[in-house]
Every structure is written in structure tokens, then in C-alpha cells.
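> I would like the entire structure built from these sequences, with the hints used as guidance.
Protein chains: 6
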Amino acid sequence: MRDEQLYKQGLDTGSKIYGKDGYLGLVRRVERYDRDLADYLVENAFGQVLTRPGLDLKTRMLCNVAALSALGIETLLKSYIRGAFNVGASETEITEVLVQMHLYVGWPRCLNAFTVLEEVMEERRK
Amino acid sequence: MRDEQLYKQGLDTGSKIYGKDGYLGLVRRVERYDRDLADYLVENAFGQVLTRPGLDLKTRMLCNVAALSALGIETLLKSYIRGAFNVGASETEITEVLVQMHLYVGWPRCLNAFTVLEEVMEERRK
Amino acid sequence: MRDEQLYKQGLDTGSKIYGKDGYLGLVRRVERYDRDLADYLVENAFGQVLTRPGLDLKTRMLCNVAALSALGIETLLKSYIRGAFNVGASETEITEVLVQMHLYVGWPRCLNAFTVLEEVMEERRK
Amino acid sequence: MRDEQLYKQGLDTGSKIYGKDGYLGLVRRVERYDRDLADYLVENAFGQVLTRPGLDLKTRMLCNVAALSALGIETLLKSYIRGAFNVGASETEITEVLVQMHLYVGWPRCLNAFTVLEEVMEERRK
Amino acid sequence: MRDEQLYKQGLDTGSKIYGKDGYLGLVRRVERYDRDLADYLVENAFGQVLTRPGLDLKTRMLCNVAALSALGIETLLKSYIRGAFNVGASETEITEVLVQMHLYVGWPRCLNAFTVLEEVMEERRK
Amino acid sequence: MRDEQLYKQGLDTGSKIYGKDGYLGLVRRVERYDRDLADYLVENAFGQVLTRPGLDLKTRMLCNVAALSALGIETLLKSYIRGAFNVGASETEITEVLVQMHLYVGWPRCLNAFTVLEEVMEERRK
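Protein chains in written order, with our numbering: chain A, 1 to 126; chain B, 1 to 126; chain C, 1 to 126; chain D, 1 to 126; chain E, 1 to 126; chain F, 1 to 126.
Possibly wrong hints are sitting among the right ones.
Identical chains share a label here; the pair holds if one copy fits it or two copies do between them.
No farther apart than 27 Å at their CA atoms in a straight line, the calculated lysine-lysine pairs in the DSSO-like style are these [claimed, not checked]:
| no. | residue 1 | residue 2 |
| --- | --- | --- |
| 1 | LYS78 | LYS58 |
| 2 | LYS16 | LYS58 |
| 3 | LYS78 | LYS8 |
| 4 | LYS20 | LYS8 |
| 5 | LYS20 | LYS58 |
| 6 | LYS58 | LYS8 |
| 7 | LYS78 | LYS16 |
| 8 | LYS126 | LYS16 |
| 9 | LYS20 | LYS126 |
| 10 | LYS58 | LYS126 |
| 11 | LYS78 | LYS126 |
| 12 | LYS78 | LYS20 |
Read the hints as simulated data drawn from the structure, not as lab findings. Remember, it's a predicted structure, so these values are computed and weren't measured experimentally.
Rendered as C-alpha cells:
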């Protein structure tokens, strides 16, 4: 049973991060896996958590970029680097996050994350 | 062979994050392990990387808190939560970083990180 | 804004896993960190996800024991081994899950998980 | 020096999980790496451990699916999702294991695991 | 059913690494968890794998120290640093392995591993 | 501001590991990400750390192969397996490192690493 207000907030926040089409594409994909799982993603993750006040969306995304590069989860890292740009982060800010990651998780994760950033930069130049 | 300018920059940046005594304590400890390793830490990590312009030290620390909680490296997380406070992060901002971590790395890492935050809050109340 | 029905389901499922006092203790602890975070834990994690039909709670707990031992998150592993017993798993079943883990994540994680199991067995004998 | 009884048990259990051709293909591949390594895999992993009584093969596979999705080892996850189906797990059961993983290891690992499940479902429909 | 030859080889190799008392202590502990698991450990891990020719035991231990520090599994790292000394590694060699780890897995895992090395050095001075 | 002596040492050591063209290719790629980051890589990682005396380059590479296979970072593992061969490791020695990894990090990481080794062997036969 969907909570319509949370769902709408989730769609709004998700669309700011991924773009409206990108976010609806993600939600449709998760609905194919499991309808309720998609609702948790929209309502709980985006509608409740990522819309919380107390930290701006740009800083949230930079922190997520840090965490995802640290874990080496490169598929989602790509979406979140795109998302960081969408909510106002500059290439310099994202670069700085990735540069300092080599101190905390080592060169391999750092360089792999830059490969992902370079792919996103390539998309953006088109 | 020490690069005195980088070394001094490293001591400055390290002292902003850990407090002067805290940072010198860390450096002394690493010197016991290996003298050159301590120099790399001061010159390269703190003197070169963490003093780079392009991202403010508070956002750097929030990103590091995100990465260290994601990896579950709780000893250093404690130092970095202290450091985030030292460079101007608020309890709310740190809380927000940790809250959203449950989305990306799951509840266990998130709750363990809050245990660490609570220990730091306890220290600060004294 | 709490969803009372989900909250109640979450308390019920959480109490089955952790025992009522254990679960309320966990919820109170998380409320100290952040009131809303505790609500997400009760409503979303326990009320929505862990109460889903389609897989019995015992198998759910055995899978969680597998995942937590694989990740080496030993604090929560202890709670979940206790939880697995509470929802009907036998010592043999938990042992079998941990034994086979050495194939998938290596001996160190496997032996550390057995140390945790032994601590829980010790508690239970008292 | 091969232990023929363990080797035969290993082939039997491996064939239940991977299908006979799939399992022999794996064993042949590992023999190319190192002949003895292939024997350890058949005798020790499959012949000794996975044939132990005390936990049915379906629950074993669900636990392995949980652990492999938690670790993000997607190549082997695919084999083990196939294997879970082969030893009697339903799509619903596997879905439930993956859904609850987002609580323990976060959304990225969960969604990546569903991508793998979807690929296996696609194979099975052919 | 124990393979006596492998078991004896395992005891020999394990005793070289851990010392005879240390190794028997480990085996007794694992027997408490599960009798057969202890046999796999002695026969398969120590009797088959770690006794293989083709790489000397000192290099094997240095590689294991690298892997265990990379993973942050500090309980076993301690045993293996002791073991590396027992099979002839020098403090310099172990230090070099840990120093270079900061490049591959970051400073936190490196410094935590040095804490473990320092504890072992302390034991050895007694 | 580049330290020319460290930079030259870094190029020398890097060229021993990756071959001159391979190493310059890596450095050029990292320069595209960030010019200073490339200097840290050459001066700090290769010029300072990997050129330290106290452990021969072959043993260093075998330890790195162990760590990278343990972490499942397969892109860099490939470079480092090539590098291990370049500094004198034999196929047998690398095989032994990877074989024993299944004990410490489980079969999945071990078998994935052998896939990488097999790709490198294929290149070398050409």
C-alpha cells in the first residue's frame, strides 16, 4: 500500500538526481524485479531519506560518490557521478573527492573511479 | 629526505583536523613503525593531498566519514568524526551522512558508525 | 509521521527475532541517534521487508547469518545468530551455514564467525 | 593422490547444483589452471562440505546466494542462482533473499544482484 | 574419515607456522566448533595446500600477511605475522609488506596492520 | 612542483614493472584525470615506496597479487600479474599465490583471479 505523499517526494528527489527520465527508467526496472521493492526505493530511500533537511543534496551526492568509489561499486558510481553533476557539483569537486580516495582506499579503487568519471565527462561533452 | 615545505603544510593541515597534540601523537606513533612512512603520511597525505584547493576541508571530512563508515574501518572513523567536528561540521551534518549510509551499505555499517559517533559525542560533552 | 500499522508489524517481527526486550532496546538505542532513523528501522526494515511472505523467517535468518559472516560484521552477526535460534534454527543448521562459508569467503571469516556462535552458545547454556 | 570416494561424491553434488555438463565444464576449466586445485574443488568443497547432512541443499544455495550478493561477486552469483533453481528454489524464494539484502548490504549490491537474477530468468525462458 | 598422511603433513606444516602448541591449540578450538571442520583445516588447508612445493613458506606467509592486512582481518593477521617470523621472515620484510599496502588499500588498513605488528614485536621482546 | 629525483626513480621502477611503454601509458592516462595525481603516483608510489630496499621487487609483486586477488580488483590484478612476470616471477610462483588464496578469501575470488592469470598467459603466448 503506497504512501502517496512519500512516493511523490521520492519521485521529485529522484528526478533531481537522475533526471526525470533516468529516474523513471530506474523505477520501472526495479518494478520488473519486484513491485514492492520499487516502492521501498521511491518512498523510503528517495522520499524519506534523501529528502531530509540538514544536509544539502550536493554534499549528499559527494559523500555517496566517496562511499561508492571506496566500495568499488562502479555501476552505481556512474549514476551517482551523473547525479552529483545534476545537483550542482563541479568537475573539480568530484575530482577532489576521487583524488583523496587514494589515501583511504588505495590507488586501484581511485583509478577505477576516475575511469568512470571520464566516461561521464565523455557523455556530457556530447 | 624530507621536503620541508610539504612537511610544514602537512603538519598545519593535520593539526586542523586532529588538533596539534592529536596529530603529533599520530605522527610519533607512525614514526615508531617506520620513520619514512611517517614522512609520507605528513608530506604526501596531509601536505599534498588534503591541502589541495578545490574542495573545503569540511566537505572533505564528510566524504571521508562516508567512506570509512562504508568500509567499516571504525578505528579511523572515530578520528575522522572528531576531525569533521574540528573543521566545522555540525552534529546534524555528520548524522545526515551516517543516516543515508544505510541506503548504500546497509543497516549494520550504519548502526556501527552511529555507535562511534555516540562515543565521540560523549567525549565532547566532557 | 509514523505509519502505525507498519510500525506495529515491525515491532511484532522484531520481537520474534530479538525477543521483545532485546528489540525495544535496539529501537531505543537507534532513537538516541535519530528519531526518524528508528522509525525507518521499525517500519521499513522490520515492518515491510522482514514480514514479507514468500520466505519463512528461519530461512531469512540463516541467509542473514551467511551474509553477515561473509562481510565479517561480527557485532550484528551475534544478534542474528541469537535471532536465528529465536525463530527456530538449530545449532546444527547454523553450524552448517558457517562451515560452508569457508568455501566462499575463506577460513578467517569462517573461524571468526564460529567464535561468535560459541559466545552465543555460552549465553544460552546459562 | 585422488580420494575416489570423495571425488565421486563431489561430482554427484556438483552435478545436482550446476547440471552435469555445467559442473564438468567448471572442473575442466579449473584443471587447466592447476590439476590439484581442481581436485580440491571436487573432493573438498563439493565432496566433503556441500554433501554434509544437517542442512538441505536448497537452503545451502539460498545462503550462498545471500553471501555472494553481499560480497558483490557477480560471476559466481550467476552460477549459484542457476544452482539454486536446480536444487528446487523458486523464483519467489530467490527474490526474497535478494530483496532483504538491501537491508544488510545496501541498495547497490541488491540491485546488481537482481540484474543477475534477471539474466538467469531470461536464460530459463529460452 | 581421516586421511592420516595428509593429517600428519598438515600438523607438520601448521607447527612450523604457529609453533606446535599454538597449532594444536587452534586445532582443538576448531574441533569444539565441528570435528570435521578441524579435519578439513588440518588436511586440506595445511596438509594439501600450504605444503605444496613451488613457493617457499616464507613467501607464502608474506603474501598472506598482505592479503589479511588488505582485508582488515586483524585477528588472523596477528597469527600470520607471528607465523611469518616463525618461518624466517625478518621484521624488515614484514614492515616492507605493510608499508606498501597503503598504496593498494589505503592508510587505514596499513596503520591498523602496523598496530598488530607492534603487538607481535612486543610479545617477541618478552 | 615536481621532485625530479623521485620522479626519475618512479619512472625507473614503474618501467621495470609495467615495461616502459606500459608505464608511460598509465602515467599519461592519470595525467588526463589530474596532473598532480599523476605526479603523486610516479613520485610517491613508485619513486618512494616501491623503490625502497628491504624487499625485492619480485616478492613485492607477489604480495600485491595476493592483496589484489583478495580484494577482487581484477583490472589492476591483470597489470600486476603482468608486472610480476616482468620482475622475474614464474608462472608456478604466481599459481601458488593464487591457489592458496582460496583458503583465505574463498573459491570465488581465487577462480576469478585464475581467469585473469589465464588471460595474461594467453597474451604472453602471442
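> Evaluate each hint against the coordinates.
These are the hints, each one checked on the structure:
1. LYS78 with LYS58: both (16 Å within a copy, 24 Å between copies)
2. LYS16 with LYS58: both (11 Å within a copy, 24 Å between copies)
3. LYS78 with LYS8: within (25 Å within a copy, 35 Å between copies)
4. LYS20 with LYS8: within (12 Å within a copy, 35 Å between copies)
5. LYS20 with LYS58: Classified as within: same-chain Cα gap 17 Å, cross-chain 31 Å, threshold 27 Å.
6. LYS58 with LYS8: The answer is within: 21 Å in one copy meets 27 Å, while 32 Å across copies does not.
7. LYS78 with LYS16: within (16 Å within a copy, 33 Å between copies)
8. LYS126 with LYS16: Cα proximity of LYS126 and LYS16: one copy only (21 Å, versus 39 Å across).
9. LYS20 with LYS126: within (19 Å within a copy, 34 Å between copies)
10. LYS58 with LYS126: within (23 Å within a copy, 33 Å between copies)
11. LYS78 with LYS126: within (16 Å within a copy, 31 Å between copies)
12. LYS78 with LYS20: within (17 Å within a copy, 31 Å between copies)
Hint violations for this structure: none, all hints satisfied.
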